[in-house]
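Line by line, the protein sequences give chains A and B. When we follow numbering that gives the first Met the number 0, the leftmost residue of the first sequence carries the number 0, and every step to the right adds one. When we follow numbering that gives the first Met the number 0, the leftmost residue of the second sequence carries the number 0, and every step to the right adds one.
Source of the hints: derived by calculation from the structure; they are not laboratory data. Watch out, some of these pointers could steer you wrong.
Stated by the list, open to error - Covered stretches of chain A, as calculated for chain B (at least 3 residues, CB under 8 Å): (1) 2-15; (2) 19-25; (3) 28-40; (4) 45-51; (5) 56-65; (6) 75-89.
What the hints assert, rightly or not - The following label-pair restraints were derived from C-beta to C-beta distances: (7) Glu160(B) x Leu19(A): 36 to 46 Å; (8) Ala37(A) x Ser156(B): 23 to 33 Å; (9) Val14(A) x Leu258(B): 26 to 36 Å; (10) Phe90(A) x Arg256(B): 31 to 41 Å; (11) Lys152(B) x Lys7(A): 21 to 31 Å; (12) Pro45(B) x Leu86(A): 43 to 53 Å; (13) Phe42(B) x Leu89(A): 25 to 35 Å; (14) Glu39(A) x Gln123(B): 44 to 54 Å; (15) Gln123(B) x Thr91(A): 35 to 45 Å.
For clarity, every value in this text was computed on a predicted model and none was experimentally measured. Cβ coordinates follow ideal geometry from the N, Cα and C atoms, glycine included.
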Amino acid sequence: MAEKDIGKTIQKTLVAGIALSTSLILLGLAVRLAPAWAAEGRLLVGAGLAVLLFTPMARVIMLARAFRREGLTRYAFAAAAVLLIMLAGLFTK
Amino acid sequence: MDIHLTLSSFTLLAGLGAGVGLLGSVLGVGGGIFIVPALVLFFHLPIHQAIASSLVTMIATSSAVASVNVERGVANMKLGMALEVSTAIGGLLGALIANMLDRGMLQTAFACILAFTCVHMLAQSLKKDAGPAKDTETPSNRMGGEFYDPQQKRSISYHVENFPLASAVSVFAGALSGLLGIGGGVVQVPLMHSVCKVPIKAAAATSNFMIGVTAASGAIIYYRHGALLPELTGALVLGVLGGSILGLKLLMGAKPRHLQFLFALLLGYTAWHMFSKAG
Numbered sequence: 000m001a002e003k004d005i006g007k008t009i010q011k012t013l014v015a016g017i018a019l020s021t022s023l024i025l026l027g028l029a030v031r032l033a034p035a036w037a038a039e040g041r042l043l044v045g046a047g048l049a050v051l052l053f054t055p056m057a058r059v060i061m062l063a064r065a066f067r068r069e070g071l072t073r074y075a076f077a078a079a080a081v082l083l084i085m086l087a088g089l090f091t092k
Numbered sequence: 000m001d002i003h004l005t006l007s008s009f010t011l012l013a014g015l016g017a018g019v020g021l022l023g024s025v026l027g028v029g030g031g032i033f034i035v036p037a038l039v040l041f042f043h044l045p046i047h048q049a050i051a052s053s054l055v056t057m058i059a060t061s062s063a064v065a066s067v068n069v070e071r072g073v074a075n076m077k078l079g080m081a082l083e084v085s086t087a088i089g090g091l092l093g094a095l096i097a098n099m100l101d102r103g104m105l106q107t108a109f110a111c112i113l114a115f116t117c118v119h120m121l122a123q124s125l126k127k128d129a130g131p132a133k134d135t136e137t138p139s140n141r142m143g144g145e146f147y148d149p150q151q152k153r154s155i156s157y158h159v160e161n162f163p164l165a166s167a168v169s170v171f172a173g174a175l176s177g178l179l180g181i182g183g184g185v186v187q188v189p190l191m192h193s194v195c196k197v198p199i200k201a202a203a204a205t206s207n208f209m210i211g212v213t214a215a216s217g218a219i220i221y222y223r224h225g226a227l228l229p230e231l232t233g234a235l236v237l238g239v240l241g242g243s244i245l246g247l248k249l250l251m252g253a254k255p256r257h258l259q260f261l262f263a264l265l266l267g268y269t270a271w272h273m274f275s276k277a278g
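With these hints in hand, go ahead and build the complete structure from the sequences.
Right, here's the structure in full:
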């Protein structure tokens, strides 16, 4: 049953990420079509894409916490490693 | 550089995205294999930018589909997380390599994966239908899992075998994703099914679950190199997401073979076209 609960938590995280990012992108593109609001629109679209890029990270963090709570330490460590690799990407060029 | 975004170009991009998303879920392949050539050949986008956009759209579709699969318990999150260590490293390295390659080299590499997918899809379309999978029942070990298969009308539990080998090959799958902007399912699904002995449905769901992380690891590098065009990508994301959700609703798991055959030929033609334009 515990795995079912983890599934629910992960589902909520993913749905929230998708909903927030697509709303921001849609709003941004709509605003962007008015020439006077181009800069604001661009900013909103950028924010939407940032949320989308961070959604998998949020999913990894939630999964790490859930695995730790369930005593699945090895998988919690795997999740932490994945998070570190993704963060390393943010500082690599 | 970003394309000049007007209502018509926005509609065109979202429409392209929707078409790709629909095709991807109908044909059972990720959208990247169609998005990258479409952006390069029709929108004359440099291939690095096309790959960056493709990776971001894949984060969206993977997350949307995974949200359904994790709740149903089909995606194996333990196996997925463990393999993601490899695909994330691969994705990061692949993207770093891609950003060192020039346009022509990357385009040639993409033409090769297109040709491979063409052959793979042709083989799938010509294969005789074996009927619904008969998975053998094995008690699940620590990394294994259990899910309910509505077609077989029973719960299926399974082991995960040969994890170290799968983990090593997953670095390669991740690198392909970061290098070429595809999901890597073309390696990951057969790997989990044949090497780890995971039932095909769980393998497909777990592969899709992993793509979000793999693609994000690569996309971050493209973003850092300034290859991500926000508005173009935003419009594509909306389209692809809509198209793939529609495709899943329309289809519910059936795979039309004649359509696969047709698109395999199209992929072959696109491979040749990309190859000839790479020079």
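A quick look at each hint next to the structure:
Check on the segment 2-15 of chain A: 9 of its residues sit with their Cβ under 8 Å from a Cβ of chain B, so the three-residue criterion for coverage holds. Check result for the segment 19-25 of chain A against chain B: holds, 4 residues qualifying (beta carbon to beta carbon below 8 Å, three or more required). Counting residues of the segment 28-40 of chain A whose CB falls under 8 Å from any CB of chain B gives 3; the rule of at least 3 is met. With 4 residues bearing a CB less than 8 Å from a CB of chain B, the segment 45-51 of chain A meets the requirement of three and the coverage assertion stands.
With a cut-off of 8 Å between beta carbons, the segment 56-65 of chain A has 4 residues touching chain B; three or more are needed, and the interface restraint holds. Using a Cβ-Cβ cut-off of 8 Å, 9 residues of the segment 75-89 of chain A lie near chain B, which meets the minimum of three, so the contact claim holds. The given range of 36 to 46 Å is respected by Glu160(B) and Leu19(A), whose C-beta atoms sit roughly 39 Å from each other. Remark: the range hint 23 to 33 Å for Ala37(A) to Ser156(B) is contradicted by a beta-carbon distance near 55 Å.
The supplied range of 26 to 36 Å is met by Val14(A) and Leu258(B), whose beta-carbon atoms lie about 30 Å from each other. Range check, Phe90(A) to Arg256(B): about 47 Å between beta-carbon atoms, so the 31 to 41 Å window is missed. The beta-carbon spacing between Lys152(B) and Lys7(A), approximately 24 Å, falls within the hinted interval of 21 to 31 Å. Checked against the given bound of 43 to 53 Å, the beta carbons of Pro45(B) and Leu86(A), roughly 28 Å apart, lie outside it.
A beta carbon spacing of about 28 Å between Phe42(B) and Leu89(A) agrees with the range 25 to 35 Å that was offered as a hint. Taking the beta carbon of each, Glu39(A) and Gln123(B) are about 47 Å apart, inside 44 to 54 Å as hinted. Taking 35 to 45 Å as the suggested C-beta distance range, the pair Gln123(B) and Thr91(A) conforms, at roughly 37 Å.
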